[in-house]
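Q: Work out the full structure: start from the sequences and follow the hints.
Take 1 as the starting number for the sequence shown in the UniProt record's numbering and just add one per residue.
Among these hints, one or two may not hold up.
[Claimed, not checked] Listed below are the simulated BS3-like cross-link pairs for lysine-lysine, each with C-alpha atoms no more than 25 Å apart in a straight line:
| # | residue 1 | residue 2 |
| --- | --- | --- |
| 1 | K99 | K208 |
| 2 | K83 | K291 |
| 3 | K121 | K86 |
| 4 | K99 | K174 |
| 5 | K85 | K99 |
| 6 | K174 | K202 |
| 7 | K121 | K174 |
| 8 | K133 | K83 |
| 9 | K174 | K144 |
| 10 | K85 | K291 |
| 11 | K133 | K85 |
| 12 | K291 | K86 |
| 13 | K202 | K144 |
| 14 | K99 | K86 |
| 15 | K99 | K121 |
| 16 | K121 | K208 |
| 17 | K121 | K133 |
| 18 | K86 | K133 |
| 19 | K208 | K174 |
| 20 | K86 | K144 |
| 21 | K211 | K174 |
| 22 | K99 | K144 |
| 23 | K83 | K99 |
| 24 | K121 | K144 |
| 25 | K202 | K121 |
| 26 | K121 | K291 |
In short, the hints are calculated from the structure, not lab data.
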Amino acid sequence: MEAQNLLSGFFPNYKIPLIQASKKPFSSYLPSNPSFQSYNCVSFKTHHSPCLKGSLKKIFFCVNASENAVLEEKDYKKPRVVKRKKLAVFISGGGSNFKSVHEACFEGLVHGDIVVLVTNKPDCGGAEYARNKEIPVVLFPRTKDAPDGLSPSDLVAALRRLEVDFILLAGYLKLIPAELIQAYPRSILNIHPSLLPAFGGKGYYGMKVHKAVIASGARYSGPTIHFVDEHYDTGRILAQRVVPVLANDTAEDLAARVLHEEHQLYVEVTAALCEERLIWREDGVPLIQNKENPNELYPAEECDIHADILTTA
Numbered sequence: 001m002e003a004q005n006l007l008s009g010f011f012p013n014y015k016i017p018l019i020q021a022s023k024k025p026f027s028s029y030l031p032s033n034p035s036f037q038s039y040n041c042v043s044f045k046t047h048h049s050p051c052l053k054g055s056l057k058k059i060f061f062c063v064n065a066s067e068n069a070v071l072e073e074k075d076y077k078k079p080r081v082v083k084r085k086k087l088a089v090f091i092s093g094g095g096s097n098f099k100s101v102h103e104a105c106f107e108g109l110v111h112g113d114i115v116v117l118v119t120n121k122p123d124c125g126g127a128e129y130a131r132n133k134e135i136p137v138v139l140f141p142r143t144k145d146a147p148d149g150l151s152p153s154d155l156v157a158a159l160r161r162l163e164v165d166f167i168l169l170a171g172y173l174k175l176i177p178a179e180l181i182q183a184y185p186r187s188i189l190n191i192h193p194s195l196l197p198a199f200g201g202k203g204y205y206g207m208k209v210h211k212a213v214i215a216s217g218a219r220y221s222g223p224t225i226h227f228v229d230e231h232y233d234t235g236r237i238l239a240q241r242v243v244p245v246l247a248n249d250t251a252e253d254l255a256a257r258v259l260h261e262e263h264q265l266y267v268e269v270t271a272a273l274c275e276e277r278l279i280w281r282e283d284g285v286p287l288i289q290n291k292e293n294p295n296e297l298y299p300a301e302e303c304d305i306h307a308d309i310l311t312t313a
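A: In structure tokens, the structure reads:
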């Protein structure tokens, strides 16, 4: 069938019979046609593969007596095309993770674009950054102090109109309503500055998390990226990074160390999300495929990366 399709591009009126592929080269002689001058033959080698049935190798076209068109050896298989994803980011403050993801999109590290920023604080630093970058800013939720804010159903409708694929929470301090979770199942991520399930839940945000980690005597901390459900910080964990808690750390010291890892991890996870490299294990645990080797799954290789921290800290 590949041969039929390939030949039809050169000889639209010519049909060759379907022939079972052979390991040996074979030739098909074309009938004379006044519209062609001296096209004598077409010959090509075929190759059978258990994975790619009927793929063609080293195809030679005898175009006329003096010319040969040679196609390089490769499998004629359409590459998988992944559409560029549209992202919505939710923030309540400066939005440093929002900025790092936006820069990664701009630089081509993420196969997606931030098409809207949602915030409950329209005067925050992240909202100002979004306006400077001509990213639409939406106020949510509607409250007595913010009557211009959207209701949950209005927000869902707005995101649908913008064709948003995924939602990233990046320091958004409000609980996500059930309407939004139901509208975007397995499509809302949050980043938290501790190794969940430790030091998570209502009231654990910002510097409060790092103070609690130090006060507990924990030796390790780090960011967690998880899917969002209807409660604070209880959704399925997707990715984590480990950083040491040093003996003389202040909350500010630890916060800076964790934030550095947050910026890198959120970009990497967003890139995987936009490239459709997420798979779900049978027990409901989400995993990330390695871009270079899809057989390698996070968290295995991620744990290996940070093994030196665990053994030397």
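Q: For every hint, state whether the structure bears it out.
A: Evaluation of the provided hints:
no., hint, in the structure
1, K99 / K208, "holds, 23 Å"
2, K83 / K291, "holds, 16 Å"
3, K121 / K86, "holds, 22 Å"
4, K99 / K174, "holds, 20 Å"
5, K85 / K99, "holds, 17 Å"
6, K174 / K202, "holds, 10 Å"
7, K121 / K174, "holds, 11 Å"
8, K133 / K83, "holds, 23 Å"
9, K174 / K144, "holds, 15 Å"
10, K85 / K291, "holds, 17 Å"
11, K133 / K85, "holds, 18 Å"
12, K291 / K86, "holds, 20 Å"
13, K202 / K144, "holds, 23 Å"
14, K99 / K86, "holds, 16 Å"
15, K99 / K121, "holds, 16 Å"
16, K121 / K208, "holds, 20 Å"
17, K121 / K133, "holds, 18 Å"
18, K86 / K133, "holds, 16 Å"
19, K208 / K174, "holds, 16 Å"
20, K86 / K144, "violated, 31 Å"
21, K211 / K174, "holds, 21 Å"
22, K99 / K144, "violated, 29 Å"
23, K83 / K99, "holds, 22 Å"
24, K121 / K144, "holds, 13 Å"
25, K202 / K121, "holds, 19 Å"
26, K121 / K291, "violated, 37 Å"
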